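Colleague: Sequences listed follow chains A and B, in order. First residue of the first sequence? That's 70 in the working numbering, and the numbers climb one at a time after it. First residue of the second sequence? That's 509 in the working numbering, and the numbers climb one at a time after it.
A hint or two may mislead.
[Said to hold, decoys possible] Across the chosen pairs, the derived CB separations fall in these ranges:
#1 168(A) <-> 595(B): 33 to 43 Å
#2 724(B) <-> 124(A): 53 to 63 Å
#3 662(B) <-> 611(A): 31 to 41 Å
#4 124(A) <-> 595(B): 37 to 47 Å
#5 353(A) <-> 595(B): 51 to 61 Å
#6 459(A) <-> 769(B): 36 to 46 Å
#7 189(A) <-> 618(B): 51 to 61 Å
#8 769(B) <-> 147(A): 48 to 58 Å
#9 79(A) <-> 690(B): 40 to 50 Å
[Claimed, not checked] Simulated pairs of lysine to any residue, SDA-like, Cα-Cα distance not exceeding 20 Å:
#10 154(A) <-> 116(A)
#11 154(A) <-> 122(A)
#12 501(A) <-> 415(A)
#13 458(A) <-> 686(B)
#14 467(A) <-> 415(A)
#15 410(A) <-> 662(B)
#16 410(A) <-> 584(B)
#17 74(A) <-> 141(A)
#18 74(A) <-> 140(A)
#19 410(A) <-> 667(B)
#20 410(A) <-> 702(B)
#21 514(B) <-> 757(B)
#22 331(A) <-> 521(A)
#23 331(A) <-> 532(A)
#24 410(A) <-> 683(B)
#25 501(A) <-> 674(B)
#26 410(A) <-> 666(B)
#27 410(A) <-> 686(B)
#28 410(A) <-> 674(B)
#29 410(A) <-> 682(B)
#30 355(A) <-> 415(A)
#31 154(A) <-> 214(A)
#32 410(A) <-> 679(B)
#33 579(A) <-> 567(A)
#34 410(A) <-> 757(B)
#35 410(A) <-> 671(B)
#36 410(A) <-> 604(B)
#37 501(A) <-> 757(B)
#38 331(A) <-> 96(A)
#39 74(A) <-> 135(A)
#40 514(B) <-> 702(B)
Bear in mind the hints are in silico, worked out from the structure with no lab data behind them. Computed from a predicted structure; not experimentally measured. Here a beta-carbon is modelled for each residue, glycine too, at the ideal position from N, C-alpha and C.
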Amino acid sequence: MSLLKVEGLSIRYGSVVAVDDLGFAIAQGESVGLVGESGSGKSQTALAVLGLLPANAAVTGSIRLAGAEIIGESEAQLNRLRASKVAMVFQDPMQALNPFMTIGAQLGRILLEHRVAAGRDARDQVISMLDRVGLPEAPRQYAAFPHELSGGMRQRAMIASALLAGPDLLIADEPTTALDVTVQAQILDLLEEVREDTSLLLITHDLGIIAGRCERMLVLENGHLVEEGRTRDVFRQPQHEHTAGLLAAALRVDRTDIPEPKEGEEVFAVNGAEVSYRIDGGRTLKAVRNVDLAVRAGETLAVVGESGSGKSSLVRAALGLVPMQAGRVVFCGDTLAPRLKNRSQATRRGLQLVFQDPAGSLNPQMRVANIVAEPLIVHEPQLSTEERKRQVIAMLEKTGLGPEHLRRYPHELSGGQAQRVAIARALILGPKVLVCDEAVAALDGTVREQVLRLLRRIQEETGLAIIFITHDLAVVRAISHRVVVMYLGGLVESAANEALFAAPMHPYTKALLEAVPVPDPDNAGGHTTVSGEAPSVLHPPAGCTFHPRCAHAREVCRAARPEHQELGQTTVSCHLAEELASGRR
Amino acid sequence: MNRSMKIFGGILVAVVVVALVGPLISPNDYLQTDFDALLQKPSFEGFHLFGTDDLGRDLFVRTMLGVQVTILVAVVASIVSLVIGVAYGAIAGYAGGRVDAVMMRFVDTLYALPFIFFVILLMVAFERNFLLIFVAIGAINWLDMARIVRGQTLSLREREFVEAARLTGVSPARIVFRHIAPNLFGIVIVYVTLTIPQAILVESFLSFLGLGIQEPQTSLGALVDAGVNQMEGASWVLLIPATLLALILLCFNFLGDAARDYFDARDQR
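With the hints as constraints, model all of the structure from the sequences given.
Modeller: Written out as structure tokens, the structure is:
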């Protein structure tokens with residue numbers, strides 16, 4: 070008999086149907102993945118199973134958990150089921166943990182509420198659970214508040230709290246989306262390791278995670294279940310076109326059709342960039358330390374790094390949006406003034422930026438037509454209104470939008486459309502360099518694929534140089550000619566796309582590549598050899614900043630900061646690069 | 509426009525129209541006393557719809573006049589506070605740094621003064637007049653407006669669409685005018701609809717204390733003050749202006765809430 074049986078589940082908010090006639094089952098000990106794009110009803114389904122839907126949701130159908138019906142059950146009865154029968158791991162543990170209670174106190178309460186244990190006994194159980202989920206020095210973490218833990222540690226504590234009362238079913242809703250890729254691999258490994266015979270419903274938008282971690286998978290589209298089957302079968306032979314579309318749009322780090330190397334003129338370069346911020350208490354945060362980058366016409370340079378690596382600070386400083394303490398920015402042979410206000414209009418025209426959040430980068434009170442026309446008004450005031458309008462329409466058409474979008478406001482656009490408008494605004498002056506700051510991170514898989522294809526097409530037509538900042542290595546693989554990897558504000562490795570993915574020189578690059586999940590059940594990857602998380606940028610380790618997490622670290626790594634050195638076409642900053650490279654061959 | 513905006517806006521418009529038209533069609537005058545009809549109950553006799561006061565003056569005309577004066581004082585005072593507050597706040601917010609610090613410390617200093625006593629002193633020191641009331645109320649309200657606008661400007665300045673404009677080379681004046689000001693509009697309109705009732709209350713309070721509008725001119729606050737003295741024998745003298753005052757305050761408050769919902773909807777996501 071199945072542990073969870075959902076039949077004819079429908080969730081409505083007024084006239085909006087979030088989930089429609091959904092049915093599936095999960096057996097004891099099984100791990101099932103639930104995928105779908107945003108708004109497909111994944112999280113709604115999870116909340117329904119926990120009986121946590123808001124009061125204005127109209128729920129019909131049946132959800133039976135270990136024989137007990139959830140829908141229509143009293144709050145008191147649901148409270149008994151939660152934690153002891155079904156538990157949840159949320160995306161953002163900072164939201165899910167109470168900031169005013171110590172980890173130990175909130176976990177202890179679960180045992181108390183469910184009459185499992187109390188007092189000293191409860192304390193021992195909590196500490197042993199914290200130990201099991203890999204929190205170092207568990208007794209100390211027991212007394213810590215959530216904000217004292219790092220993101221990964223918080224998610225471990227969250228998993229501990231979910232498993233504490235021994236539930237039969239664990240629901241994890243995007244449990245690693247907020248985490249860096251190496252930490253993601255650690256957390257997913259942990260989930261697999263500690264759940265034992267607890268069933269797992271893993272909700273994610275990342276097909277790579279499903280491929281590596283789930284036996285079966287469910288695909289949702291607009292609240293409908295469009296496909297269900299064994300993960301391997303679904304990946305190999307998707308029955309529904311939506312699934313096929315999702316699989317086709319999923320970017321893979323092991324793809325072979327990567328951009329051919331480009332030989333062009335160098336249009337934009339940053340040398341020896343140093344960026345620091347003054348923060349509270351008169352301390353200085355060194356966000357970027359001595360980084361070089363250069364991009365040629367027609368080429369895409371990817372800048373990769375996890376959160377806190379300084380990738381955004383670097384390009385913002387290069388664009389003049391934040392002050393740069395040292396270093397030189399060269400654009401088409403001219404050294405630029407460090408501050409934006411001292412740069413010429415011609416320079417501004419040639420350097421444009423596309424932001425991560427498409428909605429936030431468009432003025433909510435302006436219509437699309439005016440947003441895209443504004444650069445023209447500033448730089449080519451002599452144009453007539455008709456001529457300007459003609460150019461705006463032509464530009465929107467290039468980015469795949471029609472004249473019907475001209476009079477819309479940003480909130481009337483989807484995420485993908487808004488990002489196209491932002492791209493149109495950036496490109497209407499015909500810039501030489503386009504900087505994309507996580508420009509596709511907020512978009513769903515299929516839309517992301519379309520936007521990337523659009524950028525590539527425009528690049529081929531115009532010879533635009535693109536600097537693409539991202540944390541996603543699959544995106545890097547798909548679009549870049551060359552790659553710069555950053556860690557804690559420093560340059561780690563700089564190489565051509567092909568070389569970097571085939572033979573990473575730096576142990577950190579290698580760890581990143583291993584940790585990326587691949588949407589292929591036979592070769593899913595997504596495991597990691599590095600331990601721990603990146604330390605705070607405020608207190609970078611002495612010597613090589615990566616040494617505390619590096620498996621190869623020696624005395625020299627702890628003592629001295631490595632210089633950038635050239636090995637073939639690759640620049641790498643690691644004391645052991647040569648040795649590790651020769652060891653591999 | 510949402511439903512409650514239409515309802516409460518409609519009530520307010522109706523009240524104002526009646527207040528403007530009523531005195532014109534009534535045969536009575538706000539000054540004219542009738543010693544044969546002191547404290548007369550509301551009736552159609554002599555067209556004393558709201559009755560008369562202790563001097564035999566027609567209360568319908570006086571109440572309508574009171575509504576006119578009260579709303580005029582409130583609206584003008586709010587516009588004064590709007591103009592000063594938005595200009596001051598937006599300049600402080602967009603300039604930032606030292607300019608911002610000096611300007612806002614000045615506001616903080618003014619905040620520390622007990623303004624009602626300040627106003628009472630003004631009223632006592634100078635001859636009471638209409639203008640002084642506008643100035644006094646405006647001087648209280650612009651401080652809040654300046655703080656709100658400055659805070660909003662500070663956060664707007666960091667928004668990505670402003671960065672995009674700076675990067676393109678859009679001039680600071682155009683950024684303030686085209687990108688920041690329209691996004692302040694929502695919060696400012698909401699705040700104005702909420703400062704109007706506040707100004708009405710201050711004016712009524714001053715008039716109630718006998719420091720506001722001078723006889724034979726009147727306002728709702730002054731009428732309530734007069735009504736309190738007659739409350740035992742002739743309750744309508746108090747109840748009618750008090751009810752109207754409450755109705756107007758409620759309408760402005762609900763209108764403010766509705767306006768906030770309306771403008772929030774556009775900025776969502």
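Colleague: A separate judgement is required for each hint: does it hold in the structure or not?
Modeller: Taking the hints in turn, this is what the structure says about them:
1. 168(A) <-> 595(B): 33 to 43 Å: 40 Å, holds
2. 724(B) <-> 124(A): 53 to 63 Å: Roughly 57 Å apart at Cβ, these two residues keep to the hinted range, so it holds.
3. 662(B) <-> 611(A): 31 to 41 Å: Taking Cβ atoms as reference, residue 662(B) and residue 611(A) lie about 38 Å apart, which means the hint holds.
4. 124(A) <-> 595(B): 37 to 47 Å: 45 Å, holds
5. 353(A) <-> 595(B): 51 to 61 Å: Cβ of residue 353(A) to Cβ of residue 595(B): about 36 Å, so the range 51 to 61 Å is violated.
6. 459(A) <-> 769(B): 36 to 46 Å: 39 Å, holds
7. 189(A) <-> 618(B): 51 to 61 Å: This hint holds: roughly 59 Å between Cβ atoms.
8. 769(B) <-> 147(A): 48 to 58 Å: For residue 147(A) against residue 769(B), whose Cβ atoms are near 33 Å apart, the range 48 to 58 Å is violated.
9. 79(A) <-> 690(B): 40 to 50 Å: 41 Å, holds
10. 154(A) <-> 116(A): Cα-Cα ~14 Å, so holds.
11. 154(A) <-> 122(A): The hint holds at about 18 Å.
12. 501(A) <-> 415(A): 11 Å, holds
13. 458(A) <-> 686(B): 19 Å, holds
14. 467(A) <-> 415(A): Distance of about 23 Å is beyond 20 Å: violated.
15. 410(A) <-> 662(B): OK: residue 410(A) and residue 662(B) at ~19 Å, within 20 Å.
16. 410(A) <-> 584(B): It is violated: about 40 Å lies between the C-alpha atoms, which goes past 20 Å.
17. 74(A) <-> 141(A): 15 Å, holds
18. 74(A) <-> 140(A): The given pair, whose Cα atoms are some 12 Å apart, holds under the 20 Å limit.
19. 410(A) <-> 667(B): Holds: residue 410(A) and residue 667(B) sit about 18 Å apart, inside 20 Å.
20. 410(A) <-> 702(B): 39 Å, violated
21. 514(B) <-> 757(B): Roughly 16 Å between the alpha carbons, so the hint for residue 514(B) and residue 757(B) holds.
22. 331(A) <-> 521(A): 18 Å, holds
23. 331(A) <-> 532(A): 10 Å, holds
24. 410(A) <-> 683(B): Since the Cα atoms of residue 410(A) and residue 683(B) sit roughly 14 Å apart, the hinted pair holds (cutoff 20 Å).
25. 501(A) <-> 674(B): Answer holds: residue 501(A) to residue 674(B) is near 18 Å, not above 20 Å.
26. 410(A) <-> 666(B): 16 Å, holds
27. 410(A) <-> 686(B): 19 Å, holds
28. 410(A) <-> 674(B): 9 Å, holds
29. 410(A) <-> 682(B): Cα-Cα ~15 Å, so holds.
30. 355(A) <-> 415(A): 31 Å, violated
31. 154(A) <-> 214(A): 27 Å, violated
32. 410(A) <-> 679(B): 10 Å, holds
33. 579(A) <-> 567(A): Holds, because 14 Å separates the two Cα atoms, which is no more than 20 Å.
34. 410(A) <-> 757(B): Distance of about 48 Å is beyond 20 Å: violated.
35. 410(A) <-> 671(B): 12 Å, holds
36. 410(A) <-> 604(B): OK: residue 410(A) and residue 604(B) at ~16 Å, within 20 Å.
37. 501(A) <-> 757(B): At roughly 58 Å apart (the allowed maximum being 20 Å), residue 757(B) and residue 501(A) break the hint.
38. 331(A) <-> 96(A): 52 Å, violated
39. 74(A) <-> 135(A): 8 Å, holds
40. 514(B) <-> 702(B): The given pair, whose Cα atoms are some 17 Å apart, holds under the 20 Å limit.
Violation of the numbered hints given earlier is confined to hints 5, 8, 14, 16, 20, 30, 31, 34, 37, 38; the remaining hints are satisfied by the structure.
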